[in-house]
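Protein chains: 2
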Amino acid sequence: MDEPFETIAIVGIGLIGSSVAHAARASAGTTKVVGYDLSADVRAEALRLGVIDEAADSLENAVAQSDLVVLSTPVGAIGKILPQLASAKAGTVVMDVGSCKGSVIEAAQGLPDSVHFVPAHPVAGTEHSGPAAGFATLFRNRWCIITPMERSDEAYGRSLARVDALWRAFGSDVVQMDAKHHDLALAVTSHLPHLIAYTLVGAADDVESVNEAEVVKYSAGGFRDFTRIAASDPIMWRDVFINNKEAVLEVLGRFSEELAVMQRAIRWGDGEALEKAFARSRGLRKAIIEAGQESAEPNFGRDKKG
Amino acid sequence: MDEPFETIAIVGIGLIGSSVAHAARASAGTTKVVGYDLSADVRAEALRLGVIDEAADSLENAVAQSDLVVLSTPVGAIGKILPQLASAKAGTVVMDVGSCKGSVIEAAQGLPDSVHFVPAHPVAGTEHSGPAAGFATLFRNRWCIITPMERSDEAYGRSLARVDALWRAFGSDVVQMDAKHHDLALAVTSHLPHLIAYTLVGAADDVESVNEAEVVKYSAGGFRDFTRIAASDPIMWRDVFINNKEAVLEVLGRFSEELAVMQRAIRWGDGEALEKAFARSRGLRKAIIEAGQESAEPNFGRDKKG
Chain A
1 MDEPFETIAI VGIGLIGSSV AHAARASAGT TKVVGYDLSA DVRAEALRLG VIDEAADSLE
61 NAVAQSDLVV LSTPVGAIGK ILPQLASAKA GTVVMDVGSC KGSVIEAAQG LPDSVHFVPA
121 HPVAGTEHSG PAAGFATLFR NRWCIITPME RSDEAYGRSL ARVDALWRAF GSDVVQMDAK
181 HHDLALAVTS HLPHLIAYTL VGAADDVESV NEAEVVKYSA GGFRDFTRIA ASDPIMWRDV
241 FINNKEAVLE VLGRFSEELA VMQRAIRWGD GEALEKAFAR SRGLRKAIIE AGQESAEPNF
301 GRDKKG
Chain B
1 MDEPFETIAI VGIGLIGSSV AHAARASAGT TKVVGYDLSA DVRAEALRLG VIDEAADSLE
61 NAVAQSDLVV LSTPVGAIGK ILPQLASAKA GTVVMDVGSC KGSVIEAAQG LPDSVHFVPA
121 HPVAGTEHSG PAAGFATLFR NRWCIITPME RSDEAYGRSL ARVDALWRAF GSDVVQMDAK
181 HHDLALAVTS HLPHLIAYTL VGAADDVESV NEAEVVKYSA GGFRDFTRIA ASDPIMWRDV
241 FINNKEAVLE VLGRFSEELA VMQRAIRWGD GEALEKAFAR SRGLRKAIIE AGQESAEPNF
301 GRDKKG
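Going down the list, the protein sequences come from chains A and B.
Quick note: the first sequence uses the UniProt record's numbering, first residue 1, plus one each step.
Quick note: the second sequence uses the UniProt record's numbering, first residue 1, plus one each step.
FYI, nobody ran anything at the bench for these hints, they're computed from the structure.
Hints may be right or wrong, so weigh each one.
Which copy is meant is left open, so a pair is good if it fits within one copy or across any two.
To be verified - With a straight-line Cα cutoff of 30 Å, these simulated DSBU-like cross-link-like pairs (lysine-lysine) come out:
1) Lys-180 to Lys-276
2) Lys-180 to Lys-32
3) Lys-32 to Lys-80
4) Lys-32 to Lys-286
5) Lys-276 to Lys-80
6) Lys-286 to Lys-89
7) Lys-245 to Lys-180
8) Lys-89 to Lys-32
9) Lys-180 to Lys-286
10) Lys-276 to Lys-286
11) Lys-245 to Lys-89
12) Lys-276 to Lys-89
13) Lys-276 to Lys-32
14) Lys-80 to Lys-180
15) Lys-245 to Lys-80
16) Lys-32 to Lys-245
One chain only, chain A, in its complex shape (with noise of 0.2 Å):
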């Protein structure tokens, strides 16, 4: 690519920011990655497992040398960073990767102008976490949403197009909008599922009678869909919800009200209803399968035909 981020930094070495770090290498042009993370054992092990080509021990340090700082730490922790990107030098590049923008968008109105922050969300993930976690296609075929500050300077538009250009070399399709706008988009699309499936998770713990072992027989009855998405880094999602919180509140409302129609159709007995909610989701399931975002195999694939 033309112009390819040379140094990187990885604040913030999980799953999401170790993608990156293999995908900037081995499709962008990066030739360095320099890695800080919180934690100085996962910097140990960003290091040895040649996620990183060095480990910074300071955010200062790692911010010095690089042409792209890439935030990849948990949403609440962006609030924090930015502040300390202010003395950057001039020109250089900040991305964060985080699940809602709004939020980190507020953080960044302090930063001077020679620092160029461009909030990227790349939709794609694992239930897996950790610099191991990682992998260089993580992004490809995937949607990486980026909402840009409101400022029109050719300098920032330039290291937007470079942002845009990146993503692309990772193999995602790129698309721009309000981070308003995403932030409900992902609530319905992401924020929600999530938190559906982890309530979903626990209630099951609640219920005396039914004991974890039978949760964990049975579960290909259907609940283990959820366990994966359930499985997700906690603190990871923690920050999200506390960062969306109007989003999400919006539609957990929706959902709740079509939960209590559910609920009285089957108090009711009423089969026509419930059939008819039913048979809609068909449609969609479809579009996402042509949409190259699903594999249509039958379980994904996950059982064997014989």
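Got chain A sorted already, so can you dock chain B onto it with the hints?
Chain B alone, transformed into the frame defined by chain A:
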């Protein structure tokens, strides 16, 4: 296996019925499969696909020539079919494969002792329906729950043992329990997850400012995990909720309570409570993987690693 069922009748030729046909031929010594379905199209398709060897033109006809009658219709139809089996030849074994057992056992109370009804529930499935969806290994490494009728005569005990052996021949682990416990355990591990998945998919349709194209695009953020089970057969699931009303409403109450607690924690910004609630679900996920009921691959292996 000893005493195989040489000729079996499949009544209702969908995912489960056709999988039983394949599995019985492949591993349980069955030499002839007679099929009956209310839909003439389904009968013809099943015959064309080789799922069944002969299409019967009536239920009576299918039952008359078979050692084992498999009722694999939606649960709501079983109550209508059972009385028609009262005149089956002495010693005919009838097995249903429905997802709730209390209502089925109640419907079977009127059968004469000469008909041996064995309620069974294989905890297996995919999101696909119809005679083309079945395959011989669907039940392998899955649990099959048998909830026997309350009768202690030796002839019935022998039929029970043959059905038990049939599922073991299919590769299933077999467990016996009473119907009431079954219905509660499955409400937790299967029925509630399906209801929640249907509800979530329905609620996503309801947020005006986020259109369906966006839901499809960003579904990899978590939403797509729910769409698989929400694509399951609407009529089958309508019948499950109508026939297991009591247990479903019970576990739904627990879920709603837990969801209200989560909602309040988000509204209050109580990060500690959220993190604690999220953290406890990882153990359950791990137990499900260790029990062989799930793949440990990230995203079930549906995203290929580079």
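Results of checking the hints against the structure:
In this assembly of identical chains, the alpha carbons of Lys-180 and Lys-276 lie at most 30 Å apart only when taken from different copies (28 Å versus 33 Å within one copy). In this assembly of identical chains, Lys-180 and Lys-32 lie within 30 Å of each other by CA distance neither inside one copy nor across copies; the values are 35 Å within and 62 Å between. Only within a single protomer do Lys-32 and Lys-80 lie at most 30 Å apart by alpha-carbon distance; the minimum there is 26 Å, versus 71 Å between protomers. In this assembly of identical chains, Lys-32 and Lys-286 lie within 30 Å of each other by CA distance neither inside one copy nor across copies; the values are 42 Å within and 36 Å between.
In this assembly of identical chains, the alpha carbons of Lys-276 and Lys-80 lie at most 30 Å apart only when taken from different copies (23 Å versus 48 Å within one copy). Taking identical chains as interchangeable, the C-alpha atoms of Lys-286 and Lys-89 are never at most 30 Å apart, the minima being 49 Å within one chain and 45 Å between chains. For the homomeric pair Lys-245 and Lys-180, the shortest alpha-carbon distance inside one copy (12 Å) is at most 30 Å, but the shortest distance between copies (40 Å) is not. For the homomeric pair Lys-89 and Lys-32, the shortest alpha-carbon distance inside one copy (18 Å) is at most 30 Å, but the shortest distance between copies (79 Å) is not.
With identical chains, the CA atoms of Lys-180 and Lys-286 are at most 30 Å apart within one copy only, with a shortest distance of 28 Å there and 36 Å across copies. For a Cα distance limit of 30 Å, the shortest separation of Lys-276 from Lys-286 inside one copy, 17 Å, qualifies, whereas the shortest one across copies, 36 Å, does not. In this assembly of identical chains, the alpha carbons of Lys-245 and Lys-89 never lie at most 30 Å apart, being 34 Å within a copy and 65 Å across copies at closest. For the homomeric pair Lys-276 and Lys-89, neither the shortest alpha-carbon distance inside one copy (59 Å) nor that between copies (40 Å) is at most 30 Å.
In the homo-oligomer, the alpha carbons of Lys-276 and Lys-32 never lie at most 30 Å apart, since the shortest distance is 56 Å inside one protomer and 37 Å across protomers. For the homomeric pair Lys-80 and Lys-180, the shortest alpha-carbon distance inside one copy (21 Å) is at most 30 Å, but the shortest distance between copies (54 Å) is not. Taking the shortest Cα distances, Lys-245 and Lys-80 sit within 30 Å of each other inside one copy (19 Å), while across copies they are farther apart (50 Å). Proximity of Lys-32 and Lys-245 under a CA criterion of 30 Å is satisfied in neither setting, with 37 Å inside one chain copy and 60 Å between copies.
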